[in-house]
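Can you make the complete structure from the sequences, with help from the hints?
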Amino acid sequence: MAYWSDLPPELLDVIATHFDIPSDTRHFRSVCSTWRSTIPRPLPIIFPPIKFLNSNVHHCDLHLTKHVFFHLSLSFDHDAPGWLIKTEEHHPNTLRLLSPFSRTLIKQFAPNLPRNLDLTNIQIKELGHEYVLRNVSGANNMEFYNMDGANHYAILSTHNTGKLLIYRSLIEEWTFLDDYTLGYDDRSIFVNDWSLHYVDVVEFNGTFYAVTNSGRTVSIKIVDSFITITLLKNSIIGGDKKCLVKLVDQLLMIDLYTDMTPGLVKVHGVEIFKLDKEEQKWLLLKSLGEHAIFLSNHSSFSAVGLKGCKGNCIYFHFKSLDNKDYLTCSESKEGDYDKMDNFLWKSDEVGVFDFEKGIFGKLEEYLEDSRLFSWPPPSWITSACRI
Amino acid sequence: MASSSSSSLSRVVVKSSDNNLFVVNKKVASQSQLLKQCIDNMEEKGTNDVILIPLSNVTSNILTLVLEYCEKHADFADDDNNNQELKQWDHEFLKKFDYATLNSLTMAADYMVTKSLLNLCCQFIADSIKDLTVQQIRQIFDIKNDFTPQEEADIKNENAWAFR
Numbered sequence: 010m011a012y013w014s015d016l017p018p019e020l021l022d023v024i025a026t027h028f029d030i031p032s033d034t035r036h037f038r039s040v041c042s043t044w045r046s047t048i049p050r051p052l053p054i055i056f057p058p059i060k061f062l063n064s065n066v067h068h069c070d071l072h073l074t075k076h077v078f079f080h081l082s083l084s085f086d087h088d089a090p091g092w093l094i095k096t097e098e099h100h101p102n103t104l105r106l107l108s109p110f111s112r113t114l115i116k117q118f119a120p121n122l123p124r125n126l127d128l129t130n131i132q133i134k135e136l137g138h139e140y141v142l143r144n145v146s147g148a149n150n151m152e153f154y155n156m157d158g159a160n161h162y163a164i165l166s167t168h169n170t171g172k173l174l175i176y177r178s179l180i181e182e183w184t185f186l187d188d189y190t191l192g193y194d195d196r197s198i199f200v201n202d203w204s205l206h207y208v209d210v211v212e213f214n215g216t217f218y219a220v221t222n223s224g225r226t227v228s229i230k231i232v233d234s235f236i237t238i239t240l241l242k243n244s245i246i247g248g249d250k251k252c253l254v255k256l257v258d259q260l261l262m263i264d265l266y267t268d269m270t271p272g273l274v275k276v277h278g279v280e281i282f283k284l285d286k287e288e289q290k291w292l293l294l295k296s297l298g299e300h301a302i303f304l305s306n307h308s309s310f311s312a313v314g315l316k317g318c319k320g321n322c323i324y325f326h327f328k329s330l331d332n333k334d335y336l337t338c339s340e341s342k343e344g345d346y347d348k349m350d351n352f353l354w355k356s357d358e359v360g361v362f363d364f365e366k367g368i369f370g371k372l373e374e375y376l377e378d379s380r381l382f383s384w385p386p387p388s389w390i391t392s393a394c395r396i
Numbered sequence: 757m758a759s760s761s762s763s764s765l766s767r768v769v770v771k772s773s774d775n776n777l778f779v780v781n782k783k784v785a786s787q788s789q790l791l792k793q794c795i796d797n798m799e800e801k802g803t804n805d806v807i808l809i810p811l812s813n814v815t816s817n818i819l820t821l822v823l824e825y826c827e828k829h830a831d832f833a834d835d836d837n838n839n840q841e842l843k844q845w846d847h848e849f850l851k852k853f854d855y856a857t858l859n860s861l862t863m864a865a866d867y868m869v870t871k872s873l874l875n876l877c878c879q880f881i882a883d884s885i886k887d888l889t890v891q892q893i894r895q896i897f898d899i900k901n902d903f904t905p906q907e908e909a910d911i912k913n914e915n916a917w918a919f920r
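Protein chains in written order, with this note's numbering: chain A, 10 to 396; chain B, 757 to 920.
Don't take each hint at face value.
[Stated by the list, open to error] Here are the simulated DSBU-like pairs of lysine-lysine, each with C-alpha atoms no more than 35 Å apart in a straight line:
(1) B:Lys851 <-> B:Lys871
(2) B:Lys871 <-> A:Lys230
(3) A:Lys255 <-> B:Lys828
(4) A:Lys134 <-> B:Lys801
(5) A:Lys319 <-> B:Lys801
(6) B:Lys801 <-> B:Lys828
(7) B:Lys801 <-> A:Lys295
(8) A:Lys371 <-> B:Lys886
(9) A:Lys290 <-> B:Lys851
(10) B:Lys852 <-> A:Lys319
(11) B:Lys912 <-> B:Lys886
(12) A:Lys316 <-> B:Lys828
(13) B:Lys886 <-> A:Lys116
(14) A:Lys134 <-> B:Lys851
(15) B:Lys912 <-> A:Lys134
(16) A:Lys295 <-> B:Lys843
(17) B:Lys792 <-> A:Lys230
(18) B:Lys843 <-> B:Lys912
(19) B:Lys843 <-> A:Lys134
(20) B:Lys852 <-> A:Lys286
(21) A:Lys371 <-> A:Lys295
[Claimed, not checked] Facing chain B, according to a computed beta carbon distance under 10 Å, are these residues of chain A, among others:
(22) Val23
(23) Thr43
(24) Trp44
(25) Asp88
(26) Ala89
(27) His99
(28) His100
(29) Leu126
(30) Leu128
(31) Trp389
Honestly, the hints are just simulated from the structure, not real lab data. Computed from a predicted model, the values in this text were never measured in an experiment. Cβ atoms here follow ideal geometry from the backbone N, Cα and C, with glycine treated the same way.
Following this line, the structure appears as structure tokens:
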């Protein structure tokens, strides 16, 4: 009879290499003393300082930060609502909370939120993440990709000008991508043609993908000091807003038909495409299966099996969906958001698109558990897990 | 010299720890680096007899499973195009087993140096642990909590989030 606690150290090591998130490794090494002595504590992710966009500015470095979406639930009480949060790890295991669908830091916590939360008996699911540069206006979408080992990485970012910016650790410099494949020439700084204005970027299987609202899609592959840009799609006849979302091992493009009068965003229709990895082209997708997708300007992720949350649906956060007014919006609304209790999932702020039926639904009908996203946190968080 | 290079075995006999004999085709056996090494050694010596390889650590139940895996992978060894089908097969293959069998299979894959099977098992184990709580992991693998109160406190600290 073999015992799991007697698994040879080299096998435990191999198992541990398959964990993607630190909380899985921490749980793994908390099981028994053999496992604990074999598996080292996961190292905190520390991003190297990034040079300022203008290389003449020497006195200040930028800091890349990762925002992570977690879903927490109680393993022993299946009726207890889950809790979805967006976090920023400040120091190892010290988190700041952000409002889930914008980039606003929550400065005033609910009074009953425990300042230290014991996670030993909490199921933690990492749903997705986004990168931001601290000290820089948070309007751009960016993606970080670690190419090999610790010191070789690249960051691809959208920019206010509509162009794509890339930062490579090899040269420690930001450069505008001006390959003709991107559609624009490099003579003017601003891209005036909105169909060439890149709005979203993602890293998928080691390649960056960028998309414009008209559906123009390029892949950007970096090998050593070479950047290869390939045009996958010139345009897509369809909606007016595109978002890229990873769904398990697939890359999706969500195409929204919207009506964007400032301050009032309406979504009239949705189409979803998935990337054909072999052919490198978009294919229309008929169903999301059990998955649900959550969309806002900067925070898109997919989830499966969240308690009380129906699959094959897309959830929008209208207030943060508006591209053009994002900067002014975020400034004027900061006051609304920085208190934990002020973020509520209200029907006028959140929309649900039922992809199966092709219709918009009422939030209450699709999100049985209204506390899934609610602030303040569910009662099992505020009562049970204090240290 | 000429006779040694032309000598080649087509089959080997593998003996499990509970003394059952398995006749294995050489191509299948070569999926295991341990068996392949034995075959190569014998071939170098120029033996034409069928060789017997005893595996003192692997019971016949588990050996049957390892050989089933090796057989499938030997079929696909020269054919990259069927990768997707093989991946699907791998996934279905491991899903059938309880955790005790999975444990023995992992140990056997390690002992017999069947790297792809070992990696598959480790990935499967990691996937079954993902998102689980510490208590749930102990339950599914039947592991006792053997920490002292002091270690217990350290673990709590390590697994805590501080909101600031």
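Evaluated hints:
| no. | hint | result |
| --- | --- | --- |
| 1 | B:Lys851 <-> B:Lys871 | holds (19 Å) |
| 2 | B:Lys871 <-> A:Lys230 | holds (31 Å) |
| 3 | A:Lys255 <-> B:Lys828 | holds (32 Å) |
| 4 | A:Lys134 <-> B:Lys801 | violated (56 Å) |
| 5 | A:Lys319 <-> B:Lys801 | violated (66 Å) |
| 6 | B:Lys801 <-> B:Lys828 | holds (29 Å) |
| 7 | B:Lys801 <-> A:Lys295 | violated (62 Å) |
| 8 | A:Lys371 <-> B:Lys886 | holds (33 Å) |
| 9 | A:Lys290 <-> B:Lys851 | holds (33 Å) |
| 10 | B:Lys852 <-> A:Lys319 | holds (29 Å) |
| 11 | B:Lys912 <-> B:Lys886 | holds (19 Å) |
| 12 | A:Lys316 <-> B:Lys828 | violated (39 Å) |
| 13 | B:Lys886 <-> A:Lys116 | holds (31 Å) |
| 14 | A:Lys134 <-> B:Lys851 | holds (22 Å) |
| 15 | B:Lys912 <-> A:Lys134 | holds (19 Å) |
| 16 | A:Lys295 <-> B:Lys843 | holds (25 Å) |
| 17 | B:Lys792 <-> A:Lys230 | violated (40 Å) |
| 18 | B:Lys843 <-> B:Lys912 | violated (38 Å) |
| 19 | B:Lys843 <-> A:Lys134 | holds (25 Å) |
| 20 | B:Lys852 <-> A:Lys286 | holds (30 Å) |
| 21 | A:Lys371 <-> A:Lys295 | holds (22 Å) |
| 22 | Val23 | holds (4 Å) |
| 23 | Thr43 | holds (8 Å) |
| 24 | Trp44 | holds (8 Å) |
| 25 | Asp88 | violated (17 Å) |
| 26 | Ala89 | violated (13 Å) |
| 27 | His99 | holds (6 Å) |
| 28 | His100 | holds (8 Å) |
| 29 | Leu126 | holds (5 Å) |
| 30 | Leu128 | holds (5 Å) |
| 31 | Trp389 | violated (13 Å) |
Comparing the model with each numbered hint stated earlier shows that hints 4, 5, 7, 12, 17, 18, 25, 26 and 31 do not hold.
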